[in-house]
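Chains R and V supply the protein sequences, listed in that same order.
Quick note: the first sequence uses the numbering used here, first residue 1, plus one each step.
Quick note: the second sequence uses the numbering used here, first residue 88, plus one each step.
Sample of chain V residues facing chain R (criterion: CB under 10 Å; computed from the structure):
1. 95
2. 145
3. 146
4. 147
5. 159
6. 164
Over the 10 Å line for every Cβ pair with chain R, so calculated as not near, a few chain V residues:
7. 111
8. 123
9. 124
Calculated directly from the structure, the hints in this document are not laboratory data.
Beta carbons are placed, not taken as given, at the ideal position from N, Cα and C, and that holds for glycine.
For reference, the chains in residue letters:
Number of protein chains: 2
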Amino acid sequence: MFVILVYDVNQKRVAKVLKTARKYLYWVQNSVLEGEITEANFRRLKGELSRIINQDEDSVLFYIFGSMKYSSRELLGIQKGGETNML
Amino acid sequence: MFVILVYDVNQKRVAKVLKTARKYLYWVQNSVLEGEITEANFRRLKGELSRIINQDEDSVLFYIFGSMKYSSRELLGIQKGGETNML
Numbered sequence: 001m002f003v004i005l006v007y008d009v010n011q012k013r014v015a016k017v018l019k020t021a022r023k024y025l026y027w028v029q030n031s032v033l034e035g036e037i038t039e040a041n042f043r044r045l046k047g048e049l050s051r052i053i054n055q056d057e058d059s060v061l062f063y064i065f066g067s068m069k070y071s072s073r074e075l076l077g078i079q080k081g082g083e084t085n086m087l
Numbered sequence: 088m089f090v091i092l093v094y095d096v097n098q099k100r101v102a103k104v105l106k107t108a109r110k111y112l113y114w115v116q117n118s119v120l121e122g123e124i125t126e127a128n129f130r131r132l133k134g135e136l137s138r139i140i141n142q143d144e145d146s147v148l149f150y151i152f153g154s155m156k157y158s159s160r161e162l163l164g165i166q167k168g169g170e171t172n173m174l
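Produce the entire structure from the sequences given, and follow the hints as far as they go.
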C-alpha cells in the first residue's frame, strides 16, 4: 500500500518523529513523508511513533491508498525532497 | 476530484497561503489542507497561490485523486482540524 504521512508535533519531538518515519518512508517536504509500505512495516511505524508522540498534543495523520491508479501530483515552487516514482 | 495540499513556505507567506487555500479546502493540521474541489476552482487556487509564493524558495504540493475508493485514513494523537467526510 501507499502511504502519505503528515505530522504536526511539538518541536522537541520533530527530530525523533522524522528519524523514525524516514526508516520507512521518503521525506517529501516539511512534515510530509510518503512511500510504499508493507502492512507489517506500517504496524511497526505506527507502534514506534505512538511511543514517541504525546497523544494529547501531537498529531500524525496517515492517508492510506490501496491503489494509486486514480492519482497524480502537482507541484508549485521548488521540489524540496526526493519522492517516490509513484505518480 | 479530491485534493490533499501540503505546503512548505517561508514563514512570512504562511498566513496568505493558508487564507487563500482555506477558501477552497479544509484545514487538517499544520501545513495540510484537503477536500473535494472542481477543476475550475483547482485552477483558480493554483493561480492564486502561484502569485503568492516565491517559486524559488517555497513548495506547495498537491496530491490529486479522481477517486478515493481505495483509500482510508488513520490518526495517531489528537485531531487538529476539521476534515471532510471523504474517508
